[in-house]
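These protein sequences, in sequence, are chains A and B.
Per the working numbering, residue 1 is the first one in the first sequence, and the count goes up by one each step.
Per the working numbering, residue 1 is the first one in the second sequence, and the count goes up by one each step.
By construction, these hints were calculated from the structure, which means they are not laboratory data.
Source: prediction; values computed, not measured.
Errors might be hidden in some of the hints.
Capping the alpha-carbon separation at 20 Å, the derived lysine to any residue pairs in SDA-like fashion look like this [claimed, not checked]:
| hint | chain 1 | residue 1 | chain 2 | residue 2 |
| --- | --- | --- | --- | --- |
| 1 | B | 273 | A | 339 |
| 2 | B | 273 | A | 457 |
| 3 | A | 328 | A | 339 |
| 4 | A | 328 | A | 186 |
| 5 | A | 403 | A | 334 |
| 6 | B | 273 | A | 456 |
| 7 | A | 62 | A | 14 |
| 8 | A | 328 | A | 310 |
| 9 | A | 62 | A | 184 |
| 10 | B | 273 | A | 455 |
| 11 | A | 403 | A | 466 |
| 12 | B | 273 | B | 102 |
| 13 | B | 273 | A | 180 |
| 14 | A | 403 | A | 435 |
| 15 | A | 403 | A | 434 |
| 16 | A | 328 | A | 346 |
| 17 | B | 273 | A | 444 |
| 18 | A | 62 | B | 264 |
| 19 | A | 62 | A | 16 |
| 20 | A | 328 | A | 278 |
| 21 | B | 273 | A | 441 |
| 22 | B | 273 | B | 284 |
| 23 | B | 273 | A | 451 |
| 24 | A | 328 | A | 146 |
| 25 | A | 90 | A | 30 |
| 26 | B | 273 | A | 314 |
| 27 | A | 62 | B | 267 |
| 28 | A | 62 | A | 18 |
| 29 | B | 273 | B | 287 |
| 30 | A | 62 | A | 20 |
Which bits of chain A does chain B cover? Going by a derived footprint, with three or more residues having C-beta under 8 Å, they are [claimed, not checked]:
| hint | stretch |
| --- | --- |
| 31 | 163 to 170 |
| 32 | 182 to 190 |
| 33 | 351 to 360 |
| 34 | 423 to 436 |
| 35 | 448 to 461 |
C-beta atoms are modelled at their ideal positions from N, C-alpha and C, and glycine is treated no differently.
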Amino acid sequence: MTSRAALDDPLAAELTAALGPERVRYGPLERALYGRDASVIEGYAGVVCFPESTAEVQAVVKAAARHGRAIVPRGAGTGLAGGAVPVGEKGCEPVVVVTMRMRRIREVDVASRTAWVEPGVLNLDLTRAVSAHGLHFAPDPSSQQACSIGGNVANNSGGPHCLLYGVTSAHVLAVEVVMSDGEVVVLGGLDPEPAGYDLRGAFVGSEGTMGIATAVAVRLTPLPPVVRTLLIGFPTVEAAAETVSAVIAAGIVPAALEMMDARITAAVEEFVHAGFPIGAAAVLIVELDGLEAGVASSAERVAALARRQGADFVRVAATASERDLWWKGRKSAFGAVARVAPDYYLHDTVVPRTRLAEILARVYELADRHGIGVMNVFHAGDGNLHPLFLFDRRRPGDMERVKAAGDELIRICIDAGGVLSGEHGIGLEKRDHMPLLFGPADLAAQEDLRRAFDPVRLFNPDKVLPSGSRCGDLQSVPEGVWV
Amino acid sequence: MAVAGGRTMWEVGGSLDAGARVVDAPAGVVEHRPAEMIVRVLAGTTVEALDAALAPSGQMVPLDPVEPERATVGGVLSVGRSGLRRLRYGPVRDFVLEARYVSAAGELVRAGAPVVKNVSGFDLVRVLVGSLGTLGCLGELVLRTVPRPEASEWWRGPGEAAAGVLSALYRPGSVLWDNDSTWVLLEGHPDDVTHQSAGLGPAWERSGPPTPPGVGRMSVPPAEVLPVGCRLPPGSFVAEVGVGVLHVGEAAATLITGSRPDPGADGIGQRLKAGFDPAGRLNPGRRP
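So here's chain A without its partners, still in its complex pose:
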């Protein structure tokens, strides 16, 4: 659908001249579609572009800068914190730059275990592309079938296996970035100690506020020779949480340590039929990997610790396909929730592992008190909770109750020594909560860091840091947005 927008908007005309009409969209449908990511926040795009090369990204950046329009980079749009949602004054909404058409794996160096990939490559596709060499890309978010490497870099994504292998930052060696002046810079390098500040480290997790990554040098990880996966059922949530703490305290570092409560387990089992123990109050998936003796010893110790806490179901995956089915179940948890409630709000927060049992009990209590349903699935091994609040947005008062419950959840977790986000990022969703975690000097330092990269505030200007971090800026957030 065409509109007069092109005739009225010189920026749209300029972008169309640079990328061609097929890859520049400004009709109301596309502007609304790309006004949303996977969060509950709704924005509206100014113009949406789909560059296919670094040079095209440069052209878009320079054009937007010339016209004084902000840029919101976007990968696959799976983000949950509104990082890819364009917000702006009516008539000068941001340019959304979608990187998904830059999806080549440029080169793989098997001997060095590195690869240069473009930002639109999907996380799981990268792993599949190198698996024949006995390698994989270790960060494995639950959304890995849909999320992009560029998005993983922007969010410093985690996933169940980052407990042992580390988060995305540990697997990014270098990034080629288009900066706010339209120039291309390579941050980091393939060598272990590039000179200068670790700008690569600052860029990873910067949520699209510092530049647009057009290529990423990733570290590839050898597949472990031995993998043993345990599925453990407990009669109480507390017993499962105590087992998590006990495993960590015993000096065992599993490759992954995930927990699901009874409601999630039931929803998931209906979907995948993997043999989850649906009578259990909570279920742990514990995966050990490495060499034979170490794995066998750790698996035995984990089972013993679990039984000591009262576990009444302990099963070791007998085949690779049984293990795959368990993981399919775990990673489909959010989708399975759709069978239970029309809407859900997925939270992301972190607490110290030793406080897990106590915080979980408070999560159930607060949901009950606010009159909403809750299900819990999370990366128990690193204290990263994902409570899902269940609601029906058509029912009056539900959204307000969910928001109130969310605010209380965040405060409880921070008071317990946790943080605002373990994986999903701050984006818009938690921007104004940042003062709960950081003081004014801390936020000012983060602002100084951001400004070193993007002094003109071209990229994603309204994200991550609240407006109090700097003086005199106009913040524009659409009516009815939850922040």
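Assemble the complex: chain A is given as a structure, and chain B must be docked to it using the hints.
Here is chain B on its own, set in the frame of chain A:
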């Protein structure tokens, strides 16, 4: 002004301007939480003292400086160099969860948080590591610990083995080479270590690690370790296979790197320094 640790890497990044006031950071392990696998430590603590505090619970932070009895935690992180076990454990920068520092304006600033999983805000912690104290004076760190391996053995074998041994072993602690011999560090469950060492073959024997010839370094992509090392006299260097650091003998302990930073990156670095330290008071004369 500048903060001095053990002065084991005092020449890295340039010479301190004359007239700069040199201070020490406080020392001491503030709190070790074994069940959380984190440790809060003051920047002036020696690495040896940190190791001693963690050992009773079977934990460690593999900072691995050459002189752990002199090197301080703050110093190691300000210089940002990793030790010989980087192959297995990753670089030292990924062990820092939180950093509290005194800014150029004299304010106490906190970067990061004491939990192992955190993407709240920008990753200022990563920038501070290797910043040579030019952005702030490190006062207190929270580090992530890992379990000490049950068994740990160095083995020495022929130089020709260097090319193949990295892919033959699963996650060795270290693979080192000096164009004459190859060393591997095998760590983990005792039975796994025995099995792996048996697989090395009869040309290998138990040994200690090699001693790097000096504090000079080269940093090259891992693929270039063997080609570069082949051109150096055997025994005159120790190269970290699979990592890309070559330890060479140098009169001045300056960092020689194979890759110059992108000039555009230089611009960002300059803006960063100007934003954090407008008057250039912190570690004047030095730049990472």
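Cross-check of the supplied hints:
no., hint, result
1, 273/B <-> 339/A, "violated (53 Å)"
2, 273/B <-> 457/A, "holds (18 Å)"
3, 328/A <-> 339/A, "holds (16 Å)"
4, 328/A <-> 186/A, "violated (37 Å)"
5, 403/A <-> 334/A, "holds (19 Å)"
6, 273/B <-> 456/A, "holds (17 Å)"
7, 62/A <-> 14/A, "holds (10 Å)"
8, 328/A <-> 310/A, "violated (26 Å)"
9, 62/A <-> 184/A, "holds (12 Å)"
10, 273/B <-> 455/A, "holds (13 Å)"
11, 403/A <-> 466/A, "holds (19 Å)"
12, 273/B <-> 102/B, "holds (15 Å)"
13, 273/B <-> 180/A, "holds (19 Å)"
14, 403/A <-> 435/A, "holds (18 Å)"
15, 403/A <-> 434/A, "holds (17 Å)"
16, 328/A <-> 346/A, "holds (19 Å)"
17, 273/B <-> 444/A, "holds (14 Å)"
18, 62/A <-> 264/B, "holds (16 Å)"
19, 62/A <-> 16/A, "holds (14 Å)"
20, 328/A <-> 278/A, "holds (16 Å)"
21, 273/B <-> 441/A, "holds (16 Å)"
22, 273/B <-> 284/B, "holds (11 Å)"
23, 273/B <-> 451/A, "holds (11 Å)"
24, 328/A <-> 146/A, "holds (14 Å)"
25, 90/A <-> 30/A, "holds (16 Å)"
26, 273/B <-> 314/A, "violated (55 Å)"
27, 62/A <-> 267/B, "holds (18 Å)"
28, 62/A <-> 18/A, "holds (11 Å)"
29, 273/B <-> 287/B, "holds (9 Å)"
30, 62/A <-> 20/A, "holds (16 Å)"
31, 163 to 170, "holds (count 4)"
32, 182 to 190, "holds (count 7)"
33, 351 to 360, "holds (count 4)"
34, 423 to 436, "holds (count 6)"
35, 448 to 461, "holds (count 7)"
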